[in-house]
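Residue numbers (the working numbering), protein chains in the order written: chain A, 37 to 321; chain B, -19 to 300; chain C, 498 to 619.
Hints in this document: simulated from the structure, not taken from any laboratory.
Each residue gets a CB set at the ideal place from its N, CA and C atoms; glycine is no exception.
Among these hints, one or two may not hold up.
As the list claims (entries may be wrong) - Keeping only pairs whose Cα atoms sit at most 30 Å apart, straight-line, the calculated DSSO-like set for lysine-lysine is: (1) B:192 / A:142; (2) A:271 / A:217; (3) A:164 / B:190; (4) B:212 / A:158; (5) B:190 / A:52; (6) A:156 / B:190; (7) B:-15 / A:164; (8) B:190 / A:142; (9) A:217 / C:563; (10) B:190 / A:158; (11) A:168 / B:190; (12) A:164 / B:192; (13) A:156 / B:88; (14) B:190 / A:147.
Unchecked claim - Label pairs and their calculated CB-CB ranges: (15) B:115 / A:104: 46 to 54 Å; (16) B:195 / A:274: 38 to 46 Å; (17) B:104 / A:281: 21 to 29 Å; (18) A:104 / B:13: 40 to 48 Å; (19) A:108 / C:532: 38 to 46 Å.
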Amino acid sequence: MSSVISARGLTKRYGKQVAVDNISFEIPAGRIIGLIGPNGSGKTTTLKAALGLIPFEGELKVLGLDPRTHRDELMEQVCFIADVAVLPRWIRVREVVDFVAGVHPKFDRTKAERYLANTKLKPSMKVKEMSKGMIVQLHLALVMAIDAKLLVLDEPTLGLDILYRKQFYQNLLEDYFDENKTIIVTTHQVEEIEHILSDLMFIREGRITLSASMDEISERFVEVMVPAENVAAAKALNPIDERQVFGKSVMLFDGVPRAQVAALGETRNVGIADLFVAKMKGTYA
Amino acid sequence: MNTMKWLLRREFWEHKGGFFWTPLVVSAIMTVVLAVSLAAAVTMGYQKGVHINGADVGSLSEAMNPEQQAQFVTGLTHGYMGTGAPLFMVLGFVVFFFCLSSLFDERKDRSVLFWKSLPVSDAETVLSKVAIALVVAPVISVAFATITGVLSLLFICIAAAAAGLNIFGSVLTSGAVYLAPFQIAAIIPVYILWALPTVGWLMMVSAWAKTKPFLWAVGAPLLIGVLLLWFKALFGLELETDWYWRDIVARGLLSVAPGSWFGFFHPDPNMSSGPDNINAMALVSQSWRVLGSANIWIGAVVGSAMIFAAMRLRRWRDEG
Amino acid sequence: MAIAWSDNAPIYRQLKERVVGMMLDGLLKPGDALPSVRQIAAEYQLNPITVSRAYQELADEDLVEKRRGLGMYMTDGAREKLLASERERFLKDEWPAMVERINRLGLDIDKLLRASSAGGAQ
Chain A
37 MSSVISARGL TKRYGKQVAV DNISFEIPAG RIIGLIGPNG SGKTTTLKAA
87 LGLIPFEGEL KVLGLDPRTH RDELMEQVCF IADVAVLPRW IRVREVVDFV
137 AGVHPKFDRT KAERYLANTK LKPSMKVKEM SKGMIVQLHL ALVMAIDAKL
187 LVLDEPTLGL DILYRKQFYQ NLLEDYFDEN KTIIVTTHQV EEIEHILSDL
237 MFIREGRITL SASMDEISER FVEVMVPAEN VAAAKALNPI DERQVFGKSV
287 MLFDGVPRAQ VAALGETRNV GIADLFVAKM KGTYA
Chain B
-19 MNTMKWLLRR EFWEHKGGFF WTPLVVSAIM TVVLAVSLAA AVTMGYQKGV
31 HINGADVGSL SEAMNPEQQA QFVTGLTHGY MGTGAPLFMV LGFVVFFFCL
81 SSLFDERKDR SVLFWKSLPV SDAETVLSKV AIALVVAPVI SVAFATITGV
131 LSLLFICIAA AAAGLNIFGS VLTSGAVYLA PFQIAAIIPV YILWALPTVG
181 WLMMVSAWAK TKPFLWAVGA PLLIGVLLLW FKALFGLELE TDWYWRDIVA
231 RGLLSVAPGS WFGFFHPDPN MSSGPDNINA MALVSQSWRV LGSANIWIGA
281 VVGSAMIFAA MRLRRWRDEG
Chain C
498 MAIAWSDNAP IYRQLKERVV GMMLDGLLKP GDALPSVRQI AAEYQLNPIT
548 VSRAYQELAD EDLVEKRRGL GMYMTDGARE KLLASERERF LKDEWPAMVE
598 RINRLGLDID KLLRASSAGG AQ
């Protein structure tokens, strides 16, 4: 299965500052990948490079194409939502649907209209009259009607209330995603998409600190609630993180066999949010 | 995929105010003003010296002999499109401010990230904006000018009839009446070529400026000009700087005004018959003569280069 | 619908257990169609791959069968199979542990049974 995105030595410099530092990764098809990182970590820069919005150094191929030289061709198969509020404020629902139908060869108008029929959006409404949630609904209606191989979502639910957020992912999963499509999501609301993701990539200060499938993560990482008497023994196994919860030590181990730590206390899978915090410690310090 | 058609429509939807409503309102106002002043002239008795369209309305009277009538009708049918003059002045402003905002507004509200998520190239997008400014907008203005002109013809004929003169026949049978709109339209190609430097400069600034594009577009050339003068004065140099103000500043900022080429290439005074007499035929031929100058072609090349630069800026500029 | 998934087992296994629970409780009857992978993924906000995996394991254990073009259906023998395996687990692990506990607490097993059947008749 060929990769949807393949990067080798991808680097982006802004003057002296290195936003993306020589990273390499492969993203196979049919996955939902979470690209998680703090602000300024290089995640948006990486996405922009993949979408051909900025120049870069190194090798980057999206659907086999170089986004620098084949952007127009690439955009027929890639769609992105850059932010919650990028639809032009003057445009009406029917105008934007007409426009996308007129310029995008892979747009299915009836699909978009079917989705819109379930919302409160009317054809004559202007974007400036809409709430943030409604704008997202409109943008999603357009995106879901486009048969793109890759969908990039950069903080698509930022600032939305919970109803719209849940609906957003529900709609994507129900009516859009299939094994031929790939979705890359970046978000700060990690818990929300925890179970939707099939793969995870942590990025920090321009470097990838973790890149694994969710299956691998559940095998590799284990959290143990260690009672006081076992703390010393547990520490000998080199946990990558330790925190205190209700007086008990919760330690996170990377690559230590479950059988070994099971003896020390209650084990469980680590949540992405906790894993993220553990890996990012030091960035915020 | 007829992308250009949709891009043009998109621009029209976004700027309906400037491209459609503005000329409509201007036309409506002019038509009303004309109708009212004619009605006033008719009811209050003709006063000599009221000129409309180069035709001395005051001279309308039963006393007009056939020769005077013919002269009147000729002036009318050749110059009636002149009622549209305000429309073309407005066009200059609309095109100027459109170009200035064309690649800036979408960056300011970040909607460029939506447009760029679709398979439409930056080149096509910029081209559609040039097209709507230089082709579609003038065509719409000519259309409205024609409507206004025809209405003005009608009103004047009615006013003449009220004075006992029937000029409907001679107006309708004159060839000039039907030619005039096309003649005015024939000026558009000259306008396109002449206006390119300004369109290019404004769109380039529009694509480049982080904020306050007007200040950059107008302020920068003015500032450089002032610096040049100051430099000249400071060092007592015998520099000839007129060319800068004429060929850089004026060409760069004012070329979107229809007819601005006449500021450079003064029209042959023999071709019009009086200060108020705007002769459509004369306008066309004088305008097309400008195509023989180097100025217009150099300007067109420079303008095109700047439009190309605007395309590159839109392609590679890192937004948000 | 938001389910609080536990941290102790992979999601696909928890999902599988939910379906099994529904079968045992009779909420799912033999011949009933399971909701599609998409529907489950959308409703519970899970990755479709996770859901497919759960369904696949259910199919491997002959609890559900795939009908081409239609989806997953509970097999006829599913309930019996589940009861059989649950019974075996009870008899092998849970019951002996229970007996040991009863004895440890010093309770009389016959007394308990008589009390529970009387209570059960109520």
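Against the structure, the hints come out as follows:
1. B:192 / A:142: At roughly 38 Å apart (the allowed maximum being 30 Å), residue 142 of chain A and residue 192 of chain B break the hint.
2. A:271 / A:217: violated (43 Å)
3. A:164 / B:190: At roughly 23 Å apart (the allowed maximum being 30 Å), residue 190 of chain B and residue 164 of chain A satisfy the hint.
4. B:212 / A:158: With Cα atoms ~63 Å apart, residue 212 of chain B and residue 158 of chain A exceed 30 Å; violated.
5. B:190 / A:52: The given pair, whose Cα atoms are some 21 Å apart, holds under the 30 Å limit.
6. A:156 / B:190: violated (36 Å)
7. B:-15 / A:164: holds (25 Å)
8. B:190 / A:142: Distance of about 34 Å is beyond 30 Å: violated.
9. A:217 / C:563: holds (23 Å)
10. B:190 / A:158: Judged against 30 Å, a Cα distance of about 35 Å means the pair is violated.
11. A:168 / B:190: The hint holds at about 26 Å.
12. A:164 / B:192: holds (23 Å)
13. A:156 / B:88: Holds: residue 156 of chain A and residue 88 of chain B sit about 28 Å apart, inside 30 Å.
14. B:190 / A:147: violated (38 Å)
15. B:115 / A:104: 46 to 54 Å: With Cβ atoms ~32 Å apart, the hint is violated.
16. B:195 / A:274: 38 to 46 Å: The hint (38 to 46 Å, Cβ to Cβ) is violated, given that residue 195 of chain B and residue 274 of chain A are roughly 60 Å apart.
17. B:104 / A:281: 21 to 29 Å: violated (57 Å)
18. A:104 / B:13: 40 to 48 Å: For residue 104 of chain A and residue 13 of chain B the Cβ distance comes to about 57 Å; the hint is violated.
19. A:108 / C:532: 38 to 46 Å: Hint holds: Cβ distance 41 Å, inside 38 to 46 Å.
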